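Chains as they are written, first to last, in this note's numbering: chain A, 1 to 113; chain B, 1 to 111.
Treat each hint with caution, since some may be false.
As the list claims (entries may be wrong) - Straight line, CA to CA, 30 Å or less: simulated DSSO-like cross-link-like pairs of lysine-lysine:
| id | chain 1 | residue 1 | chain 2 | residue 2 |
| --- | --- | --- | --- | --- |
| 1 | A | Lys-57 | B | Lys-70 |
| 2 | B | Lys-51 | B | Lys-70 |
| 3 | A | Lys-9 | B | Lys-51 |
| 4 | B | Lys-103 | B | Lys-70 |
| 5 | B | Lys-103 | A | Lys-57 |
| 6 | A | Lys-9 | A | Lys-57 |
| 7 | B | Lys-103 | B | Lys-51 |
| 8 | B | Lys-70 | A | Lys-9 |
Stated by the list, open to error - Facing chain A, a subset of chain B residues (Cβ under 8 Å, in silico):
| id | residue |
| --- | --- |
| 9 | Leu-46 |
| 10 | Gly-53 |
| 11 | Phe-101 |
Simulated from the structure, these hints should not be mistaken for laboratory data.
Keep in mind that this is a model prediction, so the values were computed, not measured.
Backbone N, C-alpha and C fix where the C-beta goes; we use that ideal spot for every residue, glycine too.
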Amino acid sequence: DSGVTQTPKHLITATGQRVTLRCSPRSGDLSVYWYQQSLDQGLQFLIQYYNGEERAKGNILERFSAQQFPDLHSELNLSSLELGDSALYFCASRGGGPPYEQYFGPGTRLTVT
Amino acid sequence: GQQLNQSPQSMFIQEGEDVSMNCTSSSIFNTWLWYKQDPGEGPVLLIALYKAGELTSNGRLTAQFGITRKDSFLNISASIPSDVGIYFCAGHSNSGYALNFGKGTSLLVTP
Chain A
1 DSGVTQTPKH
11 LITATGQRVT
21 LRCSPRSGDL
31 SVYWYQQSLD
41 QGLQFLIQYY
51 NGEERAKGNI
61 LERFSAQQFP
71 DLHSELNLSS
81 LELGDSALYF
91 CASRGGGPPY
101 EQYFGPGTRL
111 TVT
Chain B
1 GQQLNQSPQS
11 MFIQEGEDVS
21 MNCTSSSIFN
31 TWLWYKQDPG
41 EGPVLLIALY
51 KAGELTSNGR
61 LTAQFGITRK
71 DSFLNISASI
81 PSDVGIYFCA
91 GHSNSGYALN
101 FGKGTSLLVT
111 P
């Protein structure tokens, strides 16, 4: 158990809909990272938050957004969903200083039909 | 993100054999991490490397941070059936510490 929690475990929704994925980092970790894992693209970095502020953006679509709340949990919002958004979504957390290791949650499997 | 080339793509070995996989980057990394992922689960951190030339072990696993800082390898000795899974290399060059991942090495171990 990495100490990172994600809900829900599975999500099935229709094209055009909007969903919210939730992540709680390990106790004391200030950084949260979101990654998308698909069969063709592998694990891709989406976005990072540190102590409530956006720090880095990767290959995140404009239809996707995220935020980190004062209690440090984070939410990833996916809107106008398309079939190609079906994937595993992971969040990972890291402490404020070294070591710079990221610990992953169990993931949310999103299926868009 | 930066491209990581991980090889081999898959390995099918017998229990007791040693395994070696490696990862190369087109640019310099400051940290190399190796993860294992079981189907439907999140990646689990196996080994972290922070210095060029560093050699680190975790049980039967040994990993090294290449001298050029553009490569890393992972060895598994005396493989057992529970080593089955997908192994990923990952690294970053400090830009927010977001990880770049290899495509993974799928390991199958037969008893």
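Which hints from the list above does the structure break, by number from lowest to highest? 3, 8, 9, 10
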